[in-house]
Amino acid sequence: MQSQSTGLEMANTGAVNNRVITVPLDGSPQAEQALPLAIQFARSIQAQLQLIRVVKVDTLLNYDNFEYELKIVNQAMDYLEEIKAIITDPTLPTRLKASQVRIEVVCGRAAEEITHFALLTRSDLVIMTTHARAFPSDLLLGSVARKVVQLSNQPVILLQPTHPENQLNLREELAQLDRKADHQKRIVVALDGTAQAESVLENVMELACAIDATVFLLRIIVPAPPDQYMGSYYVDNSETEEDKDLEKEEAAAYEYLEIIRARVIGRGLRCVCVVRVGVSASRRAQEIVAYSDKTRATLVAMATHARGSLGRMFFGSVSDEVLRQTHRPVLFIHPANTIQAEQVAAFEKGEI
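For the record, in the sequence shown the residue sitting at position 20 is 20 according to our numbering, with numbers rising by one throughout.
Each hint should be verified, as a subset may be incorrect.
Said to hold, decoys possible - Subject to a maximum C-alpha distance of 25 Å in a straight line, what follows is the list of computed DSS-like cross-link-like pairs (lysine-lysine):
1. K56 x K71
2. K84 x K56
3. K147 x K56
4. K84 x K71
5. K97 x K84
FYI, nobody ran anything at the bench for these hints, they're computed from the structure.
Let the sequences and hints guide you as you build the complete structure.
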């Protein structure tokens, strides 16, 4: 069986402009906060932007409810038409071409429909907000965002929405987009030496090539527990032993990152290696956020390290803490989701 290409690689096998970005919307201003980033990327890589809204219509075939539920679908389509009109407005310097924007209303459960739609349309990226618990919404609650990452074999970029009191409306936000944009693109990739963490690299390199971004490889070294050195008769000796171990780990981490860096540079990209030593396990997320702020990262990239179809996923883990603490977009890759090319074809034929 053929292995599946990454999203951007798959898109590049055809026409120049067949890259696709999907943005799920639910009618709320919080969900719309994903649009400025999506528009920036769509403009940079000449991608098609797909706006999808999922509506809950459980009994569409029931004649008694048909007119009511058709009204819901039409209202959702009207909303997407309004959003399309704004982001393609000729008076906005950041506008997209009307031919660049596709809108779609689908019926069903949000996470499943979003991931199926992204798969069927061969999306390169899904960009959405998390909808923190302070901002209740019909669709894109944190649990839905989490499930989209869990189910999707496409890269998913999540953003924490700003508080409504601090939020501009969409037209105002787009009018200021070029002024606010940092034209030096930077992607911080958090690695821990595992193959799972490295699963994000291929998509990061493809995206970095597309938007001309510098890649920062970040490795954090957590000291061994203090009781590991309690066997020493002298405190000074144990401290020296711990320092030596950290020095060895730091050297090994740089050696590891240099191997990864060679891959990145081989793609014609700029790349920087950084190791942070002596960070406590409880502060790994804070260190990732602090470094991404220091570098003014366009994006932070992490694998979810998810195991199994159920369980905590990335919520409650380092990845989740990074997402909760940063105001920057975070790109997630689910390492376990490697759908084969034959399965994609089967989806398109309606066989599964």
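Now the hints, each set against the structure:
{"no.": "1", "hint": "K56 x K71", "result": "holds (12 Å)"}
{"no.": "2", "hint": "K84 x K56", "result": "holds (22 Å)"}
{"no.": "3", "hint": "K147 x K56", "result": "holds (17 Å)"}
{"no.": "4", "hint": "K84 x K71", "result": "holds (20 Å)"}
{"no.": "5", "hint": "K97 x K84", "result": "holds (10 Å)"}
Every hint, counting from the list given before, is met by this structure.
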